[in-house]
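Trainee: If you read the sequences in order, they're chains A and B.
The opening residue of the first sequence carries number 1 in the numbering used here; numbering runs sequentially from there.
The opening residue of the second sequence carries number 1 in the numbering used here; numbering runs sequentially from there.
Where hints are given, some of them may not hold.
What the hints assert, rightly or not - Computed cross-link-like contacts, EDC-like style, restricted to lysine to aspartate or glutamate with a CA-CA straight-line distance of at most 20 angstroms: (1) B:K13 <-> B:D215; (2) A:K160 <-> B:D215; (3) A:K309 <-> B:D215; (4) B:K309 <-> A:E230; (5) B:K160 <-> A:E328; (6) B:K309 <-> A:E171; (7) A:K13 <-> A:E91; (8) A:K160 <-> A:E273; (9) B:K160 <-> A:D136; (10) A:K160 <-> B:E91.
To be verified - If the Cβ cut is set under 8 angstroms, some of the chain B residues that face chain A in the computed set are: (11) S17; (12) E41; (13) A42; (14) G43; (15) P291; (16) E299; (17) L302.
What the hints assert, rightly or not - Here are the computed distance ranges between Cβ atoms for each label pair: (18) A:E94 <-> B:S111: 53 to 61 angstroms; (19) B:D238 <-> A:G156: 21 to 29 angstroms; (20) A:S310 <-> B:S99: 24 to 32 angstroms; (21) B:A89 <-> A:E300: 52 to 60 angstroms; (22) A:N47 <-> B:P331: 30 to 38 angstroms; (23) B:S111 <-> A:K160: 32 to 40 angstroms.
Because the hints were derived from the structure by calculation, they are not lab data.
Just so you know, even glycine gets a beta-carbon here, dropped at the ideal spot from N, CA and C.
Number of protein chains: 2
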Amino acid sequence: MTNPRSLFLRTLKGEASSPPPIWFMRQAGRYLPEYRATRAEAGSFLNLCYDPEKAAEVTFQPIRRYGLDAAILFADILLIPQALGQDVAFEKGEGPKLSPPMDEPTLESLSMARLHEALAPIYETVRLVRAGLPDDVALIGFAGAPWTVATYMLAGGSMKDPAALRQVYYERPAFLRRLIDLLVDATSEYLIRQVEAGAEAIQLFDTWAGGLPEDVLQIVSVEPAARIAERVKGAAPDIPVILFPKGVGPALPKYAGLEVCDAVGIDFATPWEWAREAVSPLATVQGGLDPLLVVSGGEEMLAAARRLKSVFEGAPYVFNLGHGFTPETPPENVTELIAAVRES
Amino acid sequence: MTNPRSLFLRTLKGEASSPPPIWFMRQAGRYLPEYRATRAEAGSFLNLCYDPEKAAEVTFQPIRRYGLDAAILFADILLIPQALGQDVAFEKGEGPKLSPPMDEPTLESLSMARLHEALAPIYETVRLVRAGLPDDVALIGFAGAPWTVATYMLAGGSMKDPAALRQVYYERPAFLRRLIDLLVDATSEYLIRQVEAGAEAIQLFDTWAGGLPEDVLQIVSVEPAARIAERVKGAAPDIPVILFPKGVGPALPKYAGLEVCDAVGIDFATPWEWAREAVSPLATVQGGLDPLLVVSGGEEMLAAARRLKSVFEGAPYVFNLGHGFTPETPPENVTELIAAVRES
């Protein structure tokens, strides 16, 4: 499965290289005019996700423009609750609405029965992308991690403080465990199909893992990530797994130390030297640059990028952001950033 | 200034004791019926803050009910922007509104000239509380840290993601530094007066320090905290200083390692064993218990409290929460919690 011509995949497997491979979270997105054009043709965000030709097109766009080392499937983490039977809508300028919010009876009504039928267009996107990418550009499949997806399902949308939902664990632990278990099952199946369709690495985004006490984090985030990675590797032993639990700080080594974890993403608030000492001995490190530095650009961005690269010199490291690009990012700043990382 | 009869102050100065001293963030607050009664008499939250008799009364209430080792001045972190000349209002159920939001011309209009006149009622509260407290109960003065206060000043109120204001630093560093410098000055003066009025330790709350890249954190949070602590210790060399930068995770040792830092608070997401290893050698540790565990109570709360106490056994440690009590906290759970910590 791994492609020896791909610098990105070799780095995930533990090879240090200089310059490091580069890709960016949310590299396909609203900051690119070509994305906005395709998005407008699709009519809605969900239409774009479920249209394999158009989703493949926006996946290719940043590869064409920037010559990055990896492409990441264009999709959304909330396709899973939708495929399980919860209604998901994206209202303009308002964020997602999931209805009804998850409770015990609603959870009982969800089902894996139509999962792959609902997600078939996504698998088709993966096939189209892999067929259209240069050989040395790796394709990353992804999914939201169970806790992060569960916060949207429980709250019916975005929350100001998703960590407050740990109260659900304190008050209804069996209910929360059932929801997490269902998401572990669905996410594992989803990622295995992505790999079968051509994804060469997978990343699990736990965007709302921050702010959880360590024992809750273990149960709702670390263990589910381990179970999903084990399931995916059970089906495809060579597939590298990247875990990105945002905001967990000193708990990062719990993820990096998992047998099934090949790489961990670090968010922009993670101190780089600390990560080099505490995380690099356990797994490949990916990311860390503040995406807002790429909005302002200039010497401050370039100096930070060079320092980030130098901190991880000699360790297996994938250059990336500490969170996705924001829509305000000037695309030309990205060009400058890549040149600074790739200059010798 | 330090009182040798106070277990709390001895612990801040590095003495380990078992059981540890106990107080709680937001121990005076809406979860207590006696607080709600005094608050209703005052008419508004700001009236309560500026009424020395009533503010002293609510400061005493949790001491009377629970026999805690320390009282903390009842006040609000937004009294400082108000004393500097920015309008502050608390709308029912909406959070604070500050107007106009801070920009360069508004910043120029702020002034230290009426600071102590505006804050005189707070100093009077400190005097009343110190005069009325038992000798072995310490009185903690406090203020919001410059970055946290600045987020409210810049946004005109609460934000979903205060760390996004780092963009102000990237785009207008001189403006942000001027605002932080003004807050360092005002906060230092405010805390020195609290100490002169009878506060025996001070705590700086940096509630929104989380999510900042390390170099930004250094400039807007670590250095301002150090400067304020130095100024206060310049006026009162023995005064212990507690820093509580919430959400900073692996950056905690940067605060704990400051010469002027006696203790650091840990939030509820900080892994306890990690803090014992990385922070305890540098400073007294305070806090860590998830306040939501005290809402649900019972054996899960008690087991967590016993484990927390045991992790820090042998190190200087102050028992406390990892964030303030929420209004839903049943007061009887607090009684049980204290008994569990104090049992031998």
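Trainee: Now tell me, hint by hint, if it's right for this structure.
Mentor: Status of each hint after checking the structure:
1. Between K13 (chain B) and D215 (chain B), the direct Cα distance comes to roughly 29 angstroms. Violation of the 20 angstroms bound is thereby established for this hinted pair.
2. Of the pairs offered as hints, the one joining K160 (chain A) and D215 (chain B) is violated, with about 26 angstroms between alpha carbons and a cut-off of 20 angstroms exceeded.
3. The hinted pair formed by K309 (chain A) and D215 (chain B) meets the criterion: a straight-line CA distance of about 16 angstroms does not exceed 20 angstroms.
4. For the hint linking K309 (chain B) to E230 (chain A), the alpha-carbon distance of about 35 angstroms lies beyond 20 angstroms, and the restraint is violated.
5. With a CA separation close to 19 angstroms, the supplied pair K160 (chain B) and E328 (chain A) stays within the 20 angstroms bound.
6. Only pairs whose Cα atoms come within 20 angstroms are accepted, and K309 (chain B) paired with E171 (chain A) is rejected, the gap being roughly 23 angstroms.
7. Restraint check: the Cα-Cα separation between K13 (chain A) and E91 (chain A) comes to about 40 angstroms, which exceeds 20 angstroms; the hinted pair is violated.
8. Only pairs whose Cα atoms come within 20 angstroms are accepted, and K160 (chain A) paired with E273 (chain A) is rejected, the gap being roughly 30 angstroms.
9. Taking the CA atoms of K160 (chain B) and D136 (chain A), the gap is about 40 angstroms. The hint is violated against a cut of 20 angstroms.
10. Our distance criterion of 20 angstroms between C-alpha atoms is met by K160 (chain A) and E91 (chain B), whose separation comes to about 19 angstroms.
11. Hint on S17 (chain B) is violated. Least Cβ distance to chain A is approximately 25 angstroms, over the 8 angstroms limit.
12. Using the Cβ-Cβ criterion of 8 angstroms, the hint placing E41 (chain B) at the interface with chain A is not satisfied: the shortest such distance is roughly 31 angstroms.
13. The interface hint given for A42 (chain B) is broken, as the beta carbon of that residue sits about 28 angstroms from the closest beta carbon of chain A, more than 8 angstroms.
14. A distance limit of 8 angstroms between C-beta atoms decides the matter here; for G43 (chain B) the minimum to chain A is near 28 angstroms, and the interface restraint is violated.
15. Nearest Cβ of chain A to the Cβ of P291 (chain B): about 10 angstroms, over the 8 angstroms cut. The hint is violated.
16. For E299 (chain B), the shortest C-beta to C-beta distance to chain A is roughly 12 angstroms, which exceeds 8 angstroms, and the interface hint is violated.
17. Nearest Cβ of chain A to the Cβ of L302 (chain B): about 13 angstroms, over the 8 angstroms cut. The hint is violated.
18. Distance hint check: the CB atoms of E94 (chain A) and S111 (chain B) are about 41 angstroms apart, inconsistent with the given range 53 to 61 angstroms.
19. Look at D238 (chain B) against G156 (chain A): about 53 angstroms separates their beta carbons, and that is not inside 21 to 29 angstroms.
20. Range check, S310 (chain A) to S99 (chain B): about 45 angstroms between beta-carbon atoms, so the 24 to 32 angstroms window is missed.
21. A89 (chain B) and E300 (chain A) have their C-beta atoms about 36 angstroms apart, which leaves the hinted 52 to 60 angstroms range violated.
22. Remark: the range hint 30 to 38 angstroms for N47 (chain A) to P331 (chain B) is contradicted by a beta-carbon distance near 53 angstroms.
23. As the Cβ distance of S111 (chain B) to K160 (chain A) is approximately 34 angstroms, the hint placing it in 32 to 40 angstroms holds.
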